[in-house]
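Number of protein chains: 4
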Amino acid sequence: MIKVGVIGYGYWGPNLVRNFMDAPGSTVVAVCDLRTERLAQLRIRYPTIHTVNDPNLLFNDSSLDAIVIATPVSSHFELAMAALRAGKHVLVEKPLAANSEQATQLIDEAARRKRVLMVDHTFVYTAAVRKIRELLNANALGDIYYYDAVRVNLGLFQHDVNVIWDLAIHDLSIMDYVLPAKATAVSATGISHIPGQPENVAYMTLFFDNRMIAHVHVNWLTPVKVRHTLIGGSEKMILYDDLEPSEKVKIYDKGVTISQSAEAVYEMLVSYRSGDMWAPRLDATEALQTEALHFIDCLENGEQPATDGQAGLRLVRTVEAAEKSLRAKGQLVEIQ
Amino acid sequence: MIKVGVIGYGYWGPNLVRNFMDAPGSTVVAVCDLRTERLAQLRIRYPTIHTVNDPNLLFNDSSLDAIVIATPVSSHFELAMAALRAGKHVLVEKPLAANSEQATQLIDEAARRKRVLMVDHTFVYTAAVRKIRELLNANALGDIYYYDAVRVNLGLFQHDVNVIWDLAIHDLSIMDYVLPAKATAVSATGISHIPGQPENVAYMTLFFDNRMIAHVHVNWLTPVKVRHTLIGGSEKMILYDDLEPSEKVKIYDKGVTISQSAEAVYEMLVSYRSGDMWAPRLDATEALQTEALHFIDCLENGEQPATDGQAGLRLVRTVEAAEKSLRAKGQLVEIQ
Amino acid sequence: MIKVGVIGYGYWGPNLVRNFMDAPGSTVVAVCDLRTERLAQLRIRYPTIHTVNDPNLLFNDSSLDAIVIATPVSSHFELAMAALRAGKHVLVEKPLAANSEQATQLIDEAARRKRVLMVDHTFVYTAAVRKIRELLNANALGDIYYYDAVRVNLGLFQHDVNVIWDLAIHDLSIMDYVLPAKATAVSATGISHIPGQPENVAYMTLFFDNRMIAHVHVNWLTPVKVRHTLIGGSEKMILYDDLEPSEKVKIYDKGVTISQSAEAVYEMLVSYRSGDMWAPRLDATEALQTEALHFIDCLENGEQPATDGQAGLRLVRTVEAAEKSLRAKGQLVEIQ
Amino acid sequence: MIKVGVIGYGYWGPNLVRNFMDAPGSTVVAVCDLRTERLAQLRIRYPTIHTVNDPNLLFNDSSLDAIVIATPVSSHFELAMAALRAGKHVLVEKPLAANSEQATQLIDEAARRKRVLMVDHTFVYTAAVRKIRELLNANALGDIYYYDAVRVNLGLFQHDVNVIWDLAIHDLSIMDYVLPAKATAVSATGISHIPGQPENVAYMTLFFDNRMIAHVHVNWLTPVKVRHTLIGGSEKMILYDDLEPSEKVKIYDKGVTISQSAEAVYEMLVSYRSGDMWAPRLDATEALQTEALHFIDCLENGEQPATDGQAGLRLVRTVEAAEKSLRAKGQLVEIQ
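Order-wise, the sequence lines are chains R, L, F and P.
Residues in the first sequence are numbered consecutively from 1, following my numbering.
Residues in the second sequence are numbered consecutively from 1, following my numbering.
Residues in the third sequence are numbered consecutively from 1, following my numbering.
Residues in the fourth sequence are numbered consecutively from 1, following my numbering.
In case anyone wonders, no lab produced these hints; they're calculated from the structure.
You may find that some hints are simply not true.
Listed below are the simulated DSS-like cross-link pairs for lysine-lysine, each with C-alpha atoms no more than 27 Å apart in a straight line [to be verified]:
(1) Lys225/P x Lys225/L
(2) Lys329/L x Lys329/R
(3) Lys250/R x Lys225/P
(4) Lys225/R x Lys225/L
(5) Lys324/L x Lys329/R
Some chain L residues judged to face chain P by a derived CB distance under 10 Å, without partners named [claimed, not checked]:
(6) Asp253
(7) Gly275
(8) Arg281
In this text, a Cβ means the ideal position worked out from N, Cα and C, and glycines have one as well.
Sequences are here, hints too, so could you generate the full structure?
See below:
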């Protein structure tokens, strides 16, 4: 039985606590938060869990195997580093750290201590995204032409991070998981509509070494919620709409076929294919439950997490490059 | 009764012929196309219309008041210039010309000859776009924050022009008509998936002198058709979905209110407003009929077209800047 | 080349003329309508077609092979009978006749004269309905449990016939074509909201000899248009939404499995299956073109039409029974 | 502080417990269920609540003010009667009782004891339904022409009651609350697809003394979930779609206008109006919270519940009549 301590009981922490309580193979022993009233709520729901205000009490508790961190980004590095140094396995909320230097140090520390360092890229553990990866791994789409994601709504304005750190990171984590290639450069644009606050609208184009392009559109200030991803391939195309109640992933047997014949000026070189559409059944397990079980499995069997420190670092580096490009109004920035 | 000659009877020409035939105040006297079989089809439908293969026969026909040009982009300049020099009024398919130098010459020629030069930016004549302009003119949205357009489908690949010239120009024409400010610079990205062919996916971010941003996403290779525009303002927001059968324009009384109070690190500076949604009734007149009547009105009463040569030139300049930026992978390019 | 005469050039007639003009194997020689201005419009479009005011001129024209009738219901019998007696093949707009006695006489006359009598049940010739029939014929759904159709919109109020004759007949024609069994009795309800006018809202439940039920909801007075048919089977289920631009037919691998075990009072006897959804590609041919070609084929090769007089009679009998039930506020009426 | 005891902690009980725990003015003191494992789950969540297996312990607990009953229908009468006789106020899950005789006895007992008897018709407490009532009360639709409800999904098969008792009762409760008139007779049809089990598909037409009609379609065996209600009026029409995330209620300024002039046979007596659509903002309070507060308010201030015993009785009588009609395959049955 893996004994878990959770730091941060704000918006996301309760979901983590519930899932590590429900998962066979783990239990939550203690939760830390600075806000007394949050802990009081926790105790009503989970009277067996210890509540503390000081994270050091968790690090120093030798009965704990793992620390789960769900605090603001700025504290990720310090808390995760302290947990690793105390010999704990660590699951940290996305993004892994506030910059790539910190992310690298965490990876190194985890390697040195032979501890698991996993990042909570939740979408990677959804049935929809796993199905997409399965399809792409099986080359069901042919050559991948583009990946286009829209993630917009009237959402909570953050003040410490902009909309790329908050929303686009979800799409970057999905791309990192499902696409065979990694982006090499980025052009980003965006704007803040509230003076002195981080950007609340942003657009990112990601370039790859092959004939592929990706784009992410994120916005905290739209009247309707959209979660719409298109993946185009030479053979088939996917529409992934996370707001659909059941058919979240649709595969279209559509595309173009390029003819070799010479053509007149008014005519086309390409003809169109339009075939069936298919929406595979998706497992209904909550993503965070799949993720909790995967974390436990990595601890017990020494496996590498699907969203390990390296994945976390790749995302932080991509966001860093995007922010640099955004400051330069779209200028191309290489991703380290 | 305005007597019209039409050059080009391909995809769009038949719509122009039908509308100038149906409009009170105009009639189509002659149609020119190089393709004999296209003209044969026309004669079955409209036995009274003369059909010719040589556009000069139209220019030299002193009974004609106006020439409507619906040919490939590369021929716009030559045909429009010849028509103006023959003293005809001209309505030319979008884009006005293949480059801004040509567009400028056409504007100058029309001014010199006191002829009407109008560009067929069809969407400007739709009831939906006119309603949006009316709302923005009345300041119904407050400060405009962003304009975001998606226009994607499995569409005809063009070989002479890329997807920006083909599709984004519709969105640029709508923005030019409804927004009070004009874009000053652009960052564009895109890709061609068919070797040797123009870009079939493109993204454009448009910058303005105020706190506004615009973005256009166009793609000829998506499995589903999307025509989705979001316009965000400080007071209200619009969703314009051209595929909706009747409620194409929805106005949401939603947004954020910025509070002045000091806030703790976990809390927000902004609160959310969510009010009614409203979809105004839209006139069902076909856009091209409204446009034909406007063209006739400009000829008869000497009014300036809503989509005059200057509007056509602004769009061509914007697309030129976008293409330059696209070649430089997103680098900011000022719009002349 | 089949020579066709068309009677009635109102709402639907122009579509019939266009399709018999376009179909290889037929041409429209003459059109009859009482309204001079309708015929004038026709002559502009089709200068080669003769126009007459008296249908007898068509019956007496020995060059004509077939008569297509697109007039109000009350005139179907007289016109179709005269055409058959003149030795013409006949395609008559739905419903075949105003009552089953008339329909029977037409069938008998056609049989006696060895002429084709076909009814224009247009939906039978759509790709969507043909795909549904193909699936049901292949037993893809298992046992059919129910057929439920909704066909409502803000539509033209008819004064000679009620909404069952106008709209429900479409659904009855589809059922007649795709379902293996025929309804044996009907319970119908409805109402007229405009004094002195036919019912503009109606509901019909159709009973079968097996464990199946069907229901049709039609309404001329709804704010939104709905064309929604559900077909439930023991193995799979179909959603047919005629307003979907491309995926009109969706097949769901969903249902219930009945367990044999004894169950406690709070528990269920059935468990749920949820599998993939699949939307087959549908042919894009216009239904009326498929129908015109089928009519020509029946004339030339002596085949029995898919929508022959008997099909037309079955529908008229069903509607007669429904009207009788409607007058009795839902009382069960057997279908003859 | 109202002290509440809850009987039944199955599917719906936990929602009732949570809402009476959260409501200012009430607390849940004890919960009764026969299933030990359900009570164990409750104790983890709410360690302060007493758990018992015998409902008499609640009736005999003089500290309790009110009993909330969320058990199968067959036990409603016995439990509610015992609670009333013990001097408790009662909130009982829909339907109030298994037949109208029982419902009448409960109403009488509550009146005699001056206790509140309220039925949990949850939809009556949703913001959407309250907005519809407000609109109808203000005569915003003009004369009501029809009410048409569809409530279908792949749902839990019940064995003790059919789909009318389970699903249609929601629509009947909404109609009872929003419509000015009460139905006087019903024609119902339906079928069971699982031998020996209650009907899983049903259709009901409700007749009124005026020119109005209502219809309810319920089905436990459809591949897609639909919650779609149309209300047509002489002035305006409503579409209420409970699955819409935010715009659940849309009001359309659409309809027909009847002209008095004589008309030719091919023309219409009616012309069409098409105006704006409007979706009012709806309060986001959970319906059950509104309902709990209303129950508390009735107890404290002696008000009559919006969903009192009489409303419960009217629904039971309607369902009884519907079942009788269903057995007679649609024959009209008067509602007592």
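Comparing the hints with the structure gives:
1. Lys225/P x Lys225/L: Within the cut-off at roughly 25 Å; holds.
2. Lys329/L x Lys329/R: Within the cut-off at roughly 12 Å; holds.
3. Lys250/R x Lys225/P: holds (18 Å)
4. Lys225/R x Lys225/L: holds (18 Å)
5. Lys324/L x Lys329/R: holds (15 Å)
6. Asp253: With a closest approach of 7 Å, the Asp253/L hint holds.
7. Gly275: Holds: closest Cβ of chain P sits about 5 Å from Gly275/L, inside 10 Å.
8. Arg281: holds (5 Å)
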